[in-house]
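Numbering (the numbering used here), first residue to last: 1 to 642.
Just so you know, these hints were derived from the structure itself, not from any lab. Take the hints with a grain of salt, since some may be wrong.
[Unchecked claim] Below are the DMTMM-like pairs computed for lysine to aspartate or glutamate, each with C-alpha atoms no more than 25 angstroms apart in a straight line:
id: 1; residue 1: LYS39; residue 2: GLU456
id: 2; residue 1: LYS640; residue 2: GLU615
id: 3; residue 1: LYS222; residue 2: GLU252
id: 4; residue 1: LYS77; residue 2: ASP179
id: 5; residue 1: LYS455; residue 2: ASP585
id: 6; residue 1: LYS189; residue 2: GLU109
id: 7; residue 1: LYS297; residue 2: GLU346
id: 8; residue 1: LYS189; residue 2: ASP218
id: 9; residue 1: LYS558; residue 2: ASP585
id: 10; residue 1: LYS6; residue 2: GLU190
id: 11; residue 1: LYS268; residue 2: GLU456
id: 12; residue 1: LYS189; residue 2: GLU141
id: 13; residue 1: LYS558; residue 2: GLU542
id: 14; residue 1: LYS297; residue 2: GLU36
id: 15; residue 1: LYS222; residue 2: GLU345
id: 16; residue 1: LYS640; residue 2: ASP551
id: 17; residue 1: LYS342; residue 2: GLU359
id: 18; residue 1: LYS249; residue 2: GLU289
id: 19; residue 1: LYS455; residue 2: ASP551
id: 20; residue 1: LYS342; residue 2: GLU295
id: 21; residue 1: LYS222; residue 2: GLU295
id: 22; residue 1: LYS6; residue 2: ASP551
id: 23; residue 1: LYS640; residue 2: GLU140
[Stated by the list, open to error] Cβ pair distances, simulated, as ranges:
id: 24; residue 1: ASP265; residue 2: GLU346; range: 36 to 42 angstroms
id: 25; residue 1: ASP265; residue 2: THR91; range: 57 to 63 angstroms
id: 26; residue 1: ILE526; residue 2: ALA253; range: 33 to 39 angstroms
id: 27; residue 1: ALA45; residue 2: GLY298; range: 51 to 57 angstroms
id: 28; residue 1: ARG380; residue 2: GLN524; range: 54 to 60 angstroms
We put the beta carbon where it would ideally sit given N, CA and C, even for glycine.
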Amino acid sequence: MESTVKVSVTVSESAITDVTIDVSGETAGYGADVGEPMKEAILEAQSAEVDGVSGATITSDAVKSAVQQCLDQAMGKEPEEVGGYTAGTYTAEAEGRNGPIAVSVTFSEDAIEDVEVTDQAETFGLAWGLSTSPIEVLPEEIVRWQSLGVDSVSGATLTSAALKAAVADCVTQAGGNADALKNVPATDKEPADETYDADVVVVGAGAAGLSAAIAATDQGAKVIVLEKQGVTGGAAARSGGKIVAAGTKWQEAQGITDTPDMMFDYFKEIGGDLLDDDLVRLYCDNSAENMYWLESKGVVFQDVEAIHSSLSPWRVHNPQGGGGQKSGGSGNGAQITVPLTKDLEESGVEILYNVCADELLRGDDGAVAGVSGTRPDGSRVTVNAKSVVLCTGGYAQNKEMMERYATTTEGFTTLVPSSNTGDGLIMAQAVGAQVFDSPATQVIYVSMTCGVGIKEEAGLIVNARGERVVNEYTYQYHVGQGIANSGCSYGYYIASANDPNATVQYGLTLDSTPHASTAAELAQQIGVDPEVLEATISRYNELCALGVDEDFGKPQDKMVPIEGEIYALRLDPSVTVTYGGLVTDTSGHVLDENDQTISGLYAAGEVAFTGLCGEEYPSCGLAVGTATFYGRVAGENAAKAE
1 MESTVKVSVT
11 VSESAITDVT
21 IDVSGETAGY
31 GADVGEPMKE
41 AILEAQSAEV
51 DGVSGATITS
61 DAVKSAVQQC
71 LDQAMGKEPE
81 EVGGYTAGTY
91 TAEAEGRNGP
101 IAVSVTFSED
111 AIEDVEVTDQ
121 AETFGLAWGL
131 STSPIEVLPE
141 EIVRWQSLGV
151 DSVSGATLTS
161 AALKAAVADC
171 VTQAGGNADA
181 LKNVPATDKE
191 PADETYDADV
201 VVVGAGAAGL
211 SAAIAATDQG
221 AKVIVLEKQG
231 VTGGAAARSG
241 GKIVAAGTKW
251 QEAQGITDTP
261 DMMFDYFKEI
271 GGDLLDDDLV
281 RLYCDNSAEN
291 MYWLESKGVV
301 FQDVEAIHSS
311 LSPWRVHNPQ
321 GGGGQKSGGS
331 GNGAQITVPL
341 TKDLEESGVE
351 ILYNVCADEL
361 LRGDDGAVAG
371 VSGTRPDGSR
381 VTVNAKSVVL
391 CTGGYAQNKE
401 MMERYATTTE
411 GFTTLVPSSN
421 TGDGLIMAQA
431 VGAQVFDSPA
441 TQVIYVSMTC
451 GVGIKEEAGL
461 IVNARGERVV
471 NEYTYQYHVG
481 QGIANSGCSY
491 GYYIASANDP
501 NATVQYGLTL
511 DSTPHASTAA
521 ELAQQIGVDP
531 EVLEATISRY
541 NELCALGVDE
551 DFGKPQDKMV
561 PIEGEIYALR
571 LDPSVTVTYG
581 GLVTDTSGHV
591 LDENDQTISG
601 LYAAGEVAFT
611 GLCGEEYPSC
621 GLAVGTATFY
631 GRVAGENAAK
641 AE
């Protein structure tokens with residue numbers, strides 16, 4: 001689903017004796033967990049034809065396909081003949097990430113002449129819009145190699161798979177052998193190690209890495225960027241693209257009065273002593289200038305919105321096409337990362353894709369002097385440089401690192417790329433870097449069936465024990481932290497037909513939504529103590545009648561009683577931003593355990609989120625905003641280093 005699955009099968013003359021399955025690049029909690037159960041099933045069945053793991057169908061199918069290819073090799077099975085085609089143009093479509101992808105494929109009698117994507121609704125900046133995106137790359141590659149075995153673009157594998165599936169359909173319509181085309185080699189390169197020299201090497205091409213590379217290049221440095229996936233953007237491209245800033249011209253245009261001091265005070269109120277005042281202060285004071293810098297690099301901002309309707313002043317800035325209620329809050333971040341990528345490309349900066357950096361190099365004096373990593377074919381890439389800037393993102397896809405957050409590990413989901421596995425933290429620790437283990441992580445509790453939890457729905461929300469724990473009419477991350485602080489890994493939105501929210505009303509129509517005529521009956525369905533849920537609903541209705549929320553202070557107009565049939569929409573944790581990480585100073589230098597700078601090593605973005613957030617995420621746009629700003633700081637200082 002998110003990466004290439006690698007399988008090794010060992011056989012005797014009569015049996016499959018061992019299976020090794022590498023799904024480490026797949027989504028934590030889903031595809032990344034299919035290895036052992038599928039290995040056991042394949043060994044027991046002595047076949048690749050086994051049931052997949054529920055909830056991870058795409059990864060399971062990839063494993064079965066790879067195992068079957070190994071068995072075909074073991075049995076000496078000859079590749080099928082590709083065959084010819086009935087000349088003409090054929091059309092087909094296959095389901096991508098966001099909907100169907102339609103293609104038109106033209107054949108001669110013996111070749112695929114042209115592949116055109118005629119319609120698609122995939123994510124800008126990942127599936128399309130970049131020089132390395134699958135919509136741009138795969139049609140040409142299929143024609144070039146006359147093969148359906150071309151590599152999927154890592155970071156956009158669902159789109160890649162759908163495009164190839166649609167072309168395969170056209171091949172079949174034209175009388176060709178699609179299965180045989182999948183086995184046609186699509187490369188003429190042998191694995192080979194490579195070494196590069198640069199002034200600055202940036203690891204990771206998300207918001208922080210792109211900004212760092214541009215800033216270093218603008219200082220005249222020779223820059224090389226290593227990117228783990230096949231496209232730039234990282235988590236930022238998958239986000240809503242929001243940036244929090246104060247005192248900007250966009251706020252002024254909307255009549256909003258705001259200052260860096262006001263924003264700093266708000267962050268300090270939420271983050272407390274976990275904040276590094278110097279880091280936060282520097283960002284607040286320069287947040288407006290950072291917006292203008294992004295604008296100078298081609299980013300277009302359209303308006304400003306509230307963090308939450310209950311909070312003012314408005315200071316969350318949206319790039320074009322964005323806005324929480326209008327765009328759904330995700331997938332618009334490429335309006336920031338695509339212009340930054342194009343700026344780098346126009347500057348001639350080389351981006352080396354599909355390189356997983358795994359080791360920081362050190363010179364004789366102990367300073368960091370470069371980085372080394374691995375390509376999917378096993379070859380090594382080494383970049384010697386006077387400075388390294390780590391911008392590798394967070395660790396939400398690393399299940400082991402996430403296990404310390406008990407309230408999020410039971411079935412949490414994440415939209416961050418599969419590459420966010422904490423690589424930068426591991427590399428930096430190996431050279432003595434200081435890492436702060438935050439007591440919390442960003443978490444929102446949301447219904448996976450109808451989306452309740454992210455649209456300011458403000459009805460009765462309870463934790464997994466049926467207890468009310470928070471004022472529901474507050475910022476979504478405050479609600480989520482309330483559930484997490486109660487020690488629960490999920491919660492419920494309790495509603496009845498009079499709930500005024502459209503997303504809730506949709507949820508009530510779903511067959512999967514538990515409901516009952518009494519609280520006790522509903523409690524039994526969802527595994528909650530009936531007495532607790534009955535008492536919670538009774539108390540809530542009492543406060544609604546009173547007109548004052550004596551328990552949590554929710555506004556009177558948001559106090560809607562639970563009446564008639566009662567429904568329970570389950571809210572599960574979703575994690576995007578991980579806190580803590582590398583400890584840096586205001587120059588972007590990484591610090592060691594003694595708070596001394598590590599020569600040659602800088603970091604920015606989520607890998608170095610220490611001091612920018614407390615236990616609760618204070619505002620949409622903090623991660624992307626600070627990533628771009630401190631990416632610039634780190635890149636500029638890395639370029640100036642002697």
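Now for the hints, and whether the structure bears them out:
1. A distance of roughly 44 angstroms separates the Cα atoms of LYS39 and GLU456; the hinted pair therefore is violated under the 25 angstroms criterion.
2. As the CA atoms of LYS640 and GLU615 are separated by approximately 35 angstroms, the hinted pair breaks the 25 angstroms bound.
3. This hinted pair does not check out: LYS222 and GLU252 have alpha carbons roughly 39 angstroms apart, beyond 25 angstroms.
4. Between LYS77 and ASP179 the CA atoms are separated by roughly 14 angstroms; this keeps the pair inside 25 angstroms, and the hint holds.
5. Between LYS455 and ASP585 the alpha-carbon distance is near 36 angstroms, which puts this suggested pair outside the 25 angstroms criterion.
6. For the suggested pair LYS189 and GLU109, the alpha carbons sit about 28 angstroms apart, so the restraint of at most 25 angstroms is broken.
7. For the hint linking LYS297 to GLU346, the alpha-carbon distance of about 11 angstroms falls within 25 angstroms, and the restraint holds.
8. Restraint check for LYS189 and ASP218: not satisfied, since their Cα atoms lie roughly 34 angstroms apart, outside the 25 angstroms limit.
9. The straight-line distance between the Cα atoms of LYS558 and ASP585 is roughly 43 angstroms, outside the 25 angstroms bound, and the hint therefore fails.
10. The hinted pair formed by LYS6 and GLU190 meets the criterion: a straight-line CA distance of about 18 angstroms does not exceed 25 angstroms.
11. Between LYS268 and GLU456, the direct Cα distance comes to roughly 24 angstroms. Compliance with the 25 angstroms bound is thereby established for this hinted pair.
12. A threshold of 25 angstroms between alpha carbons decides the hint, and for LYS189 with GLU141 the separation of about 14 angstroms falls inside it, so the pair holds.
13. For a cut-off of 25 angstroms, the pair hint linking LYS558 to GLU542 stands: about 14 angstroms separates their Cα positions.
14. For the hint pairing LYS297 with GLU36, the CA-to-CA distance comes to about 47 angstroms; that exceeds 25 angstroms, so the pair is violated.
15. Of the pairs offered as hints, the one joining LYS222 and GLU345 holds, with about 13 angstroms between alpha carbons and a cut-off of 25 angstroms not exceeded.
16. A hinted pair counts as satisfied when its Cα atoms are at most 25 angstroms apart, and LYS640 with ASP551 does not qualify at roughly 55 angstroms.
17. Taking the CA atoms of LYS342 and GLU359, the gap is near 28 angstroms; set against the 25 angstroms cutoff, the hint is violated.
18. Between LYS249 and GLU289 the alpha-carbon distance is near 10 angstroms, which keeps this suggested pair within the 25 angstroms criterion.
19. For the suggested pair LYS455 and ASP551, the alpha carbons sit about 23 angstroms apart, so the restraint of at most 25 angstroms is met.
20. A hinted pair counts as satisfied when its Cα atoms are at most 25 angstroms apart, and LYS342 with GLU295 qualifies at roughly 14 angstroms.
21. Among the hinted pairs, LYS222 with GLU295 is consistent with the structure: their alpha-carbon atoms are about 24 angstroms apart, no more than 25 angstroms.
22. At roughly 54 angstroms between alpha-carbon atoms, LYS6 and ASP551 are farther apart than 25 angstroms, so this suggested pair is violated.
23. Proposed proximity of LYS640 and GLU140 is contradicted: the alpha carbons are some 41 angstroms apart, above 25 angstroms.
24. Checked against the hint of 36 to 42 angstroms, the pair ASP265 and GLU346 passes, with Cβ atoms roughly 40 angstroms apart.
25. At roughly 59 angstroms, the beta carbons of ASP265 and THR91 sit within the given window of 57 to 63 angstroms.
26. Under the hint 33 to 39 angstroms, the C-beta atoms of ILE526 and ALA253, about 47 angstroms apart, miss the expected range.
27. At roughly 54 angstroms, the beta-carbon separation of ALA45 and GLY298 lies within the given 51 to 57 angstroms, and the hint holds.
28. Checked against the given bound of 54 to 60 angstroms, the beta carbons of ARG380 and GLN524, roughly 58 angstroms apart, stay inside it.
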